[in-house]
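There are 2 protein chains.
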Amino acid sequence: MSYQAPVKDMLFVLNELAGLPDVAALPGFEDAQPETVHAVLEESARFNREVIAPLNVIGDRDPSAWREGKVTTSPGFGNAFRQFGEGGWQGVPHPLEFGGQGLPKLVATACTEMLNAANLSFALCPLLTDGAIEALMTAGSDEQKARYVPKLISGEWTGTMNLTEPQAGSDLALVRTRAEPQGDGSFKLFGTKIFITYGEHDMAANIVHFVLARTPGAPEGVKGISLFVVPKFLVNADGSLGERNDVHCVSIEHKLGIKASPTAVLQYGDQGGAIGHLIGEEHHGLEYMFIMMNAARFAVGTQGVGVADRAYQKAAAYAKDRVQSRPVDGTARQAVAIIHHPDVRRMLLTMRALTEGARALSYYAAGLADRAHASPDEATRRHCLALYEFLVPIVKGWGTELSVEVASLGIQVHGGMGFIEETGAAQYYRDARILPIYEGTTAIQANDLVGRKTLRDGGAIAKTLLAQIAEVEVELAARAASGGDAATFEAMRKHLAAGREALANVVEFVVSQGEPDPNAVFAGSVSYLKLAGIVLGGWQMARALLVADAKRASDPAFFAAKIATAAFFASQVLSQAPGIEASIVETVGDDHWLTLPVDAF
Amino acid sequence: MSYQAPVKDMLFVLNELAGLPDVAALPGFEDAQPETVHAVLEESARFNREVIAPLNVIGDRDPSAWREGKVTTSPGFGNAFRQFGEGGWQGVPHPLEFGGQGLPKLVATACTEMLNAANLSFALCPLLTDGAIEALMTAGSDEQKARYVPKLISGEWTGTMNLTEPQAGSDLALVRTRAEPQGDGSFKLFGTKIFITYGEHDMAANIVHFVLARTPGAPEGVKGISLFVVPKFLVNADGSLGERNDVHCVSIEHKLGIKASPTAVLQYGDQGGAIGHLIGEEHHGLEYMFIMMNAARFAVGTQGVGVADRAYQKAAAYAKDRVQSRPVDGTARQAVAIIHHPDVRRMLLTMRALTEGARALSYYAAGLADRAHASPDEATRRHCLALYEFLVPIVKGWGTELSVEVASLGIQVHGGMGFIEETGAAQYYRDARILPIYEGTTAIQANDLVGRKTLRDGGAIAKTLLAQIAEVEVELAARAASGGDAATFEAMRKHLAAGREALANVVEFVVSQGEPDPNAVFAGSVSYLKLAGIVLGGWQMARALLVADAKRASDPAFFAAKIATAAFFASQVLSQAPGIEASIVETVGDDHWLTLPVDAF
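Line by line, the protein sequences give chains A and B. The first sequence maps to residues 1 to 601 in the UniProt record's numbering. The second sequence maps to residues 1 to 601 in the UniProt record's numbering.
Don't take every hint at face value.
Note: identical chains are not told apart, hence a pair may lie in one copy or across any two.
[What the hints assert, rightly or not] Distance condition first, Cα-Cα at most 16 Å in a straight line; then the derived EDC-like pairs of lysine to aspartate or glutamate: (1) 188 x 321; (2) 494 x 586; (3) 8 x 485; (4) 320 x 599; (5) 70 x 16; (6) 8 x 599.
Worth flagging that the hints you see were computed from the coordinates, not collected in a lab.
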């Protein structure tokens, strides 16, 4: 079974929840009209179904392979990447003047979800290239933009992010790679970078590495890091490829999942120094890298949604097909398809509710990014940017943690067959496991949520969102009072209100205790992130419920399913919120477990 | 790093929570005195550390391999199994008269946990053999016992359970394998069995298959199934091996994990019929198989505890070693070992609290099984058996589901290194994933908990346990009132009471709604199982807290760690209970998601 992109749900979320009509009214996004967007999504769905998705299993069974410094990617990947570039898919959100399509991030996010659902390993190459383009557009010189961006958008070249070193993972203060000025504006780089996704491959003519390194005499810590562009092949003034640069892939990793995606160890400068050029200003590298990272973090959240949906589709298909046991309510005397068993339904709806909630939240965030970028009003731009930046760690952290849970449930639905590799469900479980780790672990996202996104503004943005949730509760109460399936709306209102109150209490706890009791606050940071994901995802599902109710008659089957999924989210997912609150706010810094001596572990 | 069995915690649980002193006072268990048990556990720890644990990675990298009907096990496995048999480890809980050690199940459970922590794939062979021995001891004739049991205990032969067929997984009513009587008391079997653990291997001279099959004219469904013993090599009257029987391994599976354990497809009767003999009475096969299955289900719960502990040990060692980032409370200006970061602590304590809670609950259950077996008083035997049988699906379902969560956290603690196979953390994540599936999926355990264990007695046994929990709450309140760290005891009391009330409400819901609204009750069955695990595990941790407090001075470091772990369990795990209750009791059979048409998925 190939992957069928849920175009109908994507359009519903884009139009009804994430504000595509408003975004399409912003200057520069005039092309994003309903018919165009619909056509783009349908064509993306076709391309991913026919070209990309069939390579997913192939890549898992026949991974990228390293030999003498060269990496051969899985069969079919190179050809598919050529089609990807020629189809203009790399350029969806990038500027028209450099060959992109100039569409909103909102539309690009739906395309990104499809690509990742189709093939997580394949999708990583464009994902990193997107980050490279974004860094160049923000911090690159005009000459650098002209030199690199069109080739990155066309798919002739690809991009990478080089942060990690053996001793510097989450902690970039420990980066040691050196960049020595050559007096002609260029630098020579020396050092080892690890975990470089598509750091070497055979799918494009050149690879453009974006590398964190220290210049001589730079301050210690993150304030002494600069960003360099280091192409695999040097680029001549006319744009043609020159000499091979001194950056070499010395090995690739043997991984649990995403096996088709080569994870490279790159050695810089073993033969005299890898030639690179500074991007932007010296010592501002981390700032620029954060541009790439924020884009990449958001995209990784979308990867979570994509792989979760793929796992759901596979499990649902199996549950409709596999016949086993009679129904518990005695409505049949023969064994039935297992989708009729209540627990199988609970598992499938858990997968679906989490996926739809995370999709809605991530698209909602993308719509804010578009407003932050294109709104004519500066105050609106600033406000939308703050909201978007608050949501990024949640989209990334929650969207990826839940993808592991969903993929695990996908195996469980298959029973013993799920454990057999040939079935395919296990690949999602293996592939998804990297998502809560790379581009910043969930703990790093949670640190960001606590530190930069909550403590820095005293919880102001969080409270803006809480107030918006309270407004939806009022709508739900009004709808419940009007009769007709009132219990559904009242149940959602009750759980959403309890979730909002739990989140409000936690925000208060973070803001008030961040200074006096940082250990307690950071001990609860991942739980805070999870709570925020559940409540904000539940908010989007509540909004979906109200729209589905109002539009029910226009597409009864689709909206009945949306109502069912929203109701499930309320009673089965949102109901966890108060328990998470308790686990956070009851912790204090002198709790036994926070002060337990290291030897006790 | 090899595996270090937590002998001290095991002895604490055995002696202080699971009632080893009482069990050792029962007739037949006189040998289970403290010094003996301590010595057995220390020797088991040494054997598993030195001989079995080092083969775990080897088996994963060089799995069992099939060729022309024969299975070659991983390097070193055959030799280790010989030592296992010679050391008497297969015989720990089995009768002295057949060559066993006659020790209580309680002691055997600690040994089983060690073996599984050391090497899940290896441990499966003895696990299945234990089930075979138990079935023979219960339902085999004296001649069958004499023929098979001593060789199974000595490790000369091994045993298997043959239930599953391609169309009959969870639903054994669909079993089709035929057994035709030959007139001489023997039968010829014809059919295909799949997912047969150690169904073929090279570690023992003979393999004794226990096979579910139908005799001619047998009723449809589970009431027409009989149990047969079918040895790989026929056994002559003098016990020597005769001809090769007509059961052949046609392939083994390519699996996500436990790769060293061969999972066989067995073909019976392709060359004229596999010769077998009936065990016990015709048509009672499922009943006898349940004896094996109950033993195996309990043991699989122990597998969950074992692999969880192994994952914890590896993650804790890494967290002490890996230096990254400065502490959030500003107590150091340099990067520190990550175990000092609050979120890493939260992950490690989650792993540890779940593992210790599940260990305590499973050993507690084993102690009940010993009383059910050996108590001189029949009423006590019956009562303990009912309690044990109530706990089996919880030990299996909860203990295995949490092992997946713990193994996943183990990867997360390692960050990017966790995703690299060489690190080893990923193996636990892959291996553990089978545990909530085989020997009955979590849904099957939950059906058992709802149907046979709760509805059948109107919740009587559940209420007995709830009353025992309430007694511990009284002790906690008294301890809190006596001052000195009162907050810890009051927090545990509060969360335990809330958990007990949640569980009581769910039991009431199951009992009252099981008849009128079975779909709603079974929709919540897995959540009920999870809730029961959390509350009953929390109950054991509360008991541990009280003992640790009273004995604190005798071993300050050990008991301080136990108190910290118990406190963590209260605020971080037990606190989830009320949310789970809501997700169960608010579901009704006409909920949108229970009645959503199949096409909507």
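Checked hints:
1. 188 x 321: The answer is neither: 60 Å in one copy and 33 Å across copies each exceed 16 Å.
2. 494 x 586: The answer is between: 12 Å across copies meets 16 Å, while 23 Å in one copy does not.
3. 8 x 485: neither (25 Å within a copy, 57 Å between copies)
4. 320 x 599: Between copies, since 9 Å is at most 16 Å while 52 Å is not.
5. 70 x 16: neither (48 Å within a copy, 60 Å between copies)
6. 8 x 599: between (55 Å within a copy, 15 Å between copies)
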